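Could you build the full structure based on these sequences and the hints that come with them?
Chain order of the listed sequences is A and B. To convert, note that position 212 of the first sequence is 212 in our numbering; the numbers rise steadily by one, no gaps. To convert, note that position 264 of the second sequence is 264 in our numbering; the numbers rise steadily by one, no gaps.
A couple of the hints might just be wrong.
[As the list claims (entries may be wrong)] The list that follows gives simulated cross-link-like pairs (lysine to aspartate or glutamate, DMTMM-like), each with its CA atoms no further than 25 Å apart:
1) LYS173/B x GLU124/B
2) LYS67/B x GLU19/B
3) LYS41/A x ASP115/A
4) LYS75/B x ASP115/A
5) LYS41/A x ASP165/B
6) LYS324/B x GLU301/B
7) LYS75/B x GLU151/B
8) LYS244/B x GLU316/B
9) LYS173/B x GLU298/B
10) LYS270/B x GLU301/B
11) LYS41/A x GLU48/B
12) LYS219/A x GLU127/B
13) LYS130/B x GLU215/A
14) LYS112/B x GLU175/B
15) LYS173/B x GLU195/B
16) LYS219/A x ASP115/A
17) LYS347/B x GLU151/B
18) LYS130/B x ASP165/B
19) LYS130/B x GLU112/A
20) LYS83/A x ASP189/A
21) LYS41/A x GLU19/B
22) LYS130/B x ASP115/A
[To be verified] Here are the in silico distance ranges between beta carbons for each label pair:
23) SER162/B x VAL206/A: 39 to 49 Å
24) ASP58/B x VAL39/A: 52 to 62 Å
25) SER33/B x PHE133/A: 26 to 36 Å
26) VAL58/A x VAL61/B: 50 to 60 Å
27) GLY184/B x ARG142/A: 37 to 47 Å
28) GLY34/B x GLY42/A: 53 to 63 Å
29) PHE133/A x GLU116/B: 45 to 55 Å
30) LEU36/A x ARG15/B: 24 to 34 Å
31) SER113/A x GLU116/B: 30 to 40 Å
32) VAL58/A x VAL60/B: 20 to 30 Å
[Stated by the list, open to error] Facing chain A, from chain B, some residues (calculated, C-beta under 10 Å):
33) LYS42
34) ALA45
35) GLY79
36) TYR80
37) LEU81
38) GLN83
39) TYR85
40) MET91
No wet-lab data here; the hints were simulated from the structure. Everything numeric in this text was worked out from a predicted model, so none of it was measured. Backbone N, C-alpha and C fix where the C-beta goes; we use that ideal spot for every residue, glycine too.
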Amino acid sequence: MNIDWYPLWNSLRIAAISCVLVFFLGIFFAYYASRLPRVIKGVLDVILTLPMVLPPTVCGYFLLLLVGVRRPLGMFLAQYGVKFVMTWYGGVLAAAVVAFPLMYRTARGAFESFDRTLAYSGQTLGLSNTYIFWRIRMPACRQGILAGTVLAFARALGEYGATSMLIGYTPGRTATISTTVYQLWRTNDEAGAFFWVLVNLAISTVVLLAVNLLEARQKKAVRA
Amino acid sequence: MSLIADIHKRLGDFRLDAEFEADEGITCLLGASGCGKSYTLKCIAGIERPDYGHIELDGVVLFDSKKHINLPPQKRRVGYLFQNYALFPNMTVRQNILCGLHRESDRTRREKRLREMLSLMQLEGLENHKPAQLSGGQQQRVALGRILVSEPRMLMLDEPFSALDAHLRDALKVELRDMLLRYGREVLMVTHSREEAYNMSSRIAVMDAGRLLDMKPTKELFADPGSIAAAVLTGCKNISGARKTGAYEVEVPAWGVRLETSMPVRDGLKAVGIRAHYFNPSARQNRYSVEYIEEMEEPFEHTLQFRYRDQSPDSEPIWWRMAKDKRPQSFPEELGIAPVNILLLYK
Chain A
1 MNIDWYPLWN
11 SLRIAAISCV
21 LVFFLGIFFA
31 YYASRLPRVI
41 KGVLDVILTL
51 PMVLPPTVCG
61 YFLLLLVGVR
71 RPLGMFLAQY
81 GVKFVMTWYG
91 GVLAAAVVAF
101 PLMYRTARGA
111 FESFDRTLAY
121 SGQTLGLSNT
131 YIFWRIRMPA
141 CRQGILAGTV
151 LAFARALGEY
161 GATSMLIGYT
171 PGRTATISTT
181 VYQLWRTNDE
191 AGAFFWVLVN
201 LAISTVVLLA
211 VNLLEARQKK
221 AVRA
Chain B
1 MSLIADIHKR
11 LGDFRLDAEF
21 EADEGITCLL
31 GASGCGKSYT
41 LKCIAGIERP
51 DYGHIELDGV
61 VLFDSKKHIN
71 LPPQKRRVGY
81 LFQNYALFPN
91 MTVRQNILCG
101 LHRESDRTRR
111 EKRLREMLSL
121 MQLEGLENHK
131 PAQLSGGQQQ
141 RVALGRILVS
151 EPRMLMLDEP
161 FSALDAHLRD
171 ALKVELRDML
181 LRYGREVLMV
191 THSREEAYNM
201 SSRIAVMDAG
211 RLLDMKPTKE
221 LFADPGSIAA
231 AVLTGCKNIS
241 GARKTGAYEV
251 EVPAWGVRLE
261 TSMPVRDGLK
271 AVGIRAHYFN
281 PSARQNRYSV
291 EYIEEMEEPF
301 EHTLQFRYRD
311 QSPDSEPIWW
321 RMAKDKRPQS
331 FPEELGIAPV
341 NILLLYK
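Below you can see the structure in the form of structure tokens.
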């Protein structure tokens, strides 16, 4: 059997890159949102969480409105050779938008339950706010952050709706595992579809196992 | 060497107005929970920002609303021991204390000062423990060591004993007081416990509902609280409205008695207070007949509740407390109080 492994490689890089983006953006917005006044926070919260509750195809539609080839932003970006439509890195954009709320909400929950006196005592000891953030707040919130990252990665890996709207399915260029499964099944290649389903299952299982192992090791480290 | 604080803040319906000065030695802010004590500390530390006012430490202005000065907490060099000690849970004892030494750039000197602090705080052998593995007393010493090693210009303690088991408290009080006296600078401590305030401090500032009432040397405050709030906070059980009837005499209408005082009564008297321990069957002054209502036994004390014969029925019963071995066989029909034990309360 001659298998084209491109969808695996493409899915993994889209999920990995969008996960890194979402990691920092999610944490950034979660941190600042948890410090905002309540009203502004409520509004921002709705906007930032919308991609989670909207159908992914609707997200894809909005993305096309924004960066489509005949839209102002799309045309502007095209001048610099950046084209999100029908490219693999368009897939990164789609996956990041859809996965963002998962990271944002879990990280925000973690930050809100953070014991503020830890930050205050760091400040009175003269530690810089940057140090406090990365060395005290983040480790204290790492369970929530880790959970958010895993959820975001899993969501990005499984992204279908917005991805198919924005980058479509071109074998060897924009094909991802999820679009490939659909395409193969649609063209009656059941064996091919089933193969990619198995690949997807394997990846998801490995990710979840890794998370469980990490957590177990952390608990052990705390106890020791 | 002193702290000057003039702090005003509005938080919804609550208003905080605290104005005081503190010198070397231990000053206590004594008040009920929610009276604004901790908030005052946070304003001094720079964690909270007053609406207006002025905070100055050893001649350095930390906050001034008129001059638009508001130093960040990092620049104030004010040590703050939090109620829960706020040790960084992901760091070991050693790493926690090193956080207080981050200004020391020389590696050997940093290591030396760490060693010295570990030995001063009796934490040797616990360097690599995480805070969760330590007892409450050890946690307190780590937190204090972490602060002292950073050489703050003053030290603030927020309810330092509330996170400890009762049986640890007494031993740690003595230990902490000795350490603080050795530290030798201004210490501002917040507590709602009169025993802690009495044990630890040389001066007490009484706070009530966001207002700092007055500041007095500790023993003086307990001997003459001067205000109803201070009398309650120093543990006075019996307080009732009173008016002046003579140079050394007051009338307490609700109790139906007139009492002779040893201090001259000033105009504007609001109430009198009598501490539960100061009733005396053999005192010759201020004797009145009483009716006993209830007896309560505590581990080392007896508490009796009684009413004066002419006491108004809607007023609270009066408490008389004595050590167990002082309990009389039969209760006397009349009780007296030495005039020196009548507390005159003007606010």
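Evaluated hints:
1. For the proposed pair LYS173/B and GLU124/B, the alpha carbon gap of about 21 Å is at most 25 Å, so the pair holds.
2. Annotation: proposed proximity of LYS67/B to GLU19/B holds, straight-line Cα distance about 18 Å (limit 25 Å).
3. A hinted pair counts as satisfied when its Cα atoms are at most 25 Å apart, and LYS41/A with ASP115/A qualifies at roughly 20 Å.
4. Of the supplied pair hints, the one linking LYS75/B and ASP115/A holds, its CA atoms being roughly 22 Å apart against a limit of 25 Å.
5. Distance restraint check for LYS41/A and ASP165/B: the Cα-Cα separation of roughly 40 Å exceeds the 25 Å cut-off, and the hinted pair is therefore not satisfied.
6. For a cut-off of 25 Å, the pair hint linking LYS324/B to GLU301/B stands: about 5 Å separates their Cα positions.
7. For a cut-off of 25 Å, the pair hint linking LYS75/B to GLU151/B stands: about 13 Å separates their Cα positions.
8. Between LYS244/B and GLU316/B, the direct Cα distance comes to roughly 21 Å. Compliance with the 25 Å bound is thereby established for this hinted pair.
9. With a CA separation close to 24 Å, the supplied pair LYS173/B and GLU298/B stays within the 25 Å bound.
10. This hinted pair does not check out: LYS270/B and GLU301/B have alpha carbons roughly 31 Å apart, beyond 25 Å.
11. Distance restraint check for LYS41/A and GLU48/B: the Cα-Cα separation of roughly 21 Å lies within the 25 Å cut-off, and the hinted pair is therefore satisfied.
12. Taken as a hint, the LYS219/A and GLU127/B pair is honoured in the structure, with Cα atoms around 20 Å apart against an allowance of 25 Å.
13. Restraint check: the Cα-Cα separation between LYS130/B and GLU215/A comes to about 18 Å, which is no more than 25 Å; the hinted pair holds.
14. With a C-alpha separation of about 23 Å, the suggested pair LYS112/B and GLU175/B falls inside the 25 Å cut-off, and the hint holds.
15. A hinted pair counts as satisfied when its Cα atoms are at most 25 Å apart, and LYS173/B with GLU195/B qualifies at roughly 10 Å.
16. At most 25 Å may separate the alpha-carbon atoms for a hinted pair to count; LYS219/A and ASP115/A meet this at roughly 20 Å.
17. About 40 Å separates the Cα atoms of LYS347/B and GLU151/B, which puts this hinted pair outside 25 Å; it is violated.
18. The suggested pairing of LYS130/B with ASP165/B holds, with an alpha-carbon distance near 20 Å, which does not exceed 25 Å.
19. A threshold of 25 Å between alpha carbons decides the hint, and for LYS130/B with GLU112/A the separation of about 23 Å falls inside it, so the pair holds.
20. Restraint check: the Cα-Cα separation between LYS83/A and ASP189/A comes to about 31 Å, which exceeds 25 Å; the hinted pair is violated.
21. Distance restraint check for LYS41/A and GLU19/B: the Cα-Cα separation of roughly 35 Å exceeds the 25 Å cut-off, and the hinted pair is therefore not satisfied.
22. A C-alpha spacing of about 17 Å is found between LYS130/B and ASP115/A, which places the hinted pair at or below 25 Å, so the restraint holds.
23. Separation of SER162/B from VAL206/A is about 48 Å and conforms to the stated range, judged on CB atoms against 39 to 49 Å.
24. For ASP58/B and VAL39/A, the Cβ-Cβ distance of about 41 Å falls outside the hinted range of 52 to 62 Å, so the restraint is violated.
25. In this structure the hint that SER33/B and PHE133/A lie 26 to 36 Å apart at CB holds, the actual value being about 31 Å.
26. Restraint check, VAL58/A to VAL61/B: a C-beta distance of roughly 56 Å satisfies the suggested window 50 to 60 Å.
27. Between GLY184/B and ARG142/A the CB atoms are about 40 Å apart, so this pair conforms to the stated range of 37 to 47 Å.
28. With their beta carbons about 28 Å apart, GLY34/B and GLY42/A fall outside the hinted range of 53 to 63 Å.
29. Checked against the hint of 45 to 55 Å, the pair PHE133/A and GLU116/B fails, with Cβ atoms roughly 30 Å apart.
30. The given range of 24 to 34 Å is respected by LEU36/A and ARG15/B, whose C-beta atoms sit roughly 26 Å from each other.
31. At about 37 Å, the beta-carbon gap between SER113/A and GLU116/B stays in the expected band of 30 to 40 Å.
32. Separation of VAL58/A from VAL60/B is about 58 Å and departs from the stated range, judged on CB atoms against 20 to 30 Å.
33. A least Cβ separation of about 8 Å between LYS42/B and chain A falls short of the 10 Å threshold, and the interface hint therefore holds.
34. The beta carbon of ALA45/B is positioned within 10 Å of a beta carbon in chain A (closest approach about 5 Å), and the interface hint is therefore held.
35. For GLY79/B, the interface hint holds, the least distance from its beta-carbon to any beta-carbon of chain A being 7 Å, beneath 10 Å.
36. Interface restraint check: TYR80/B against chain A, minimum CB-CB distance 4 Å, threshold 10 Å, status holds.
37. At about 8 Å, the closest approach between the beta carbon of LEU81/B and any beta carbon in chain A falls short of 10 Å, and the interface hint on this residue holds.
38. The beta carbon of GLN83/B is positioned within 10 Å of a beta carbon in chain A (closest approach about 8 Å), and the interface hint is therefore held.
39. Annotation: interface hint on TYR85/B holds; nearest CB of chain A at approximately 8 Å, less than 10 Å.
40. Using the Cβ-Cβ criterion of 10 Å, the hint placing MET91/B at the interface with chain A is satisfied: the shortest such distance is roughly 8 Å.
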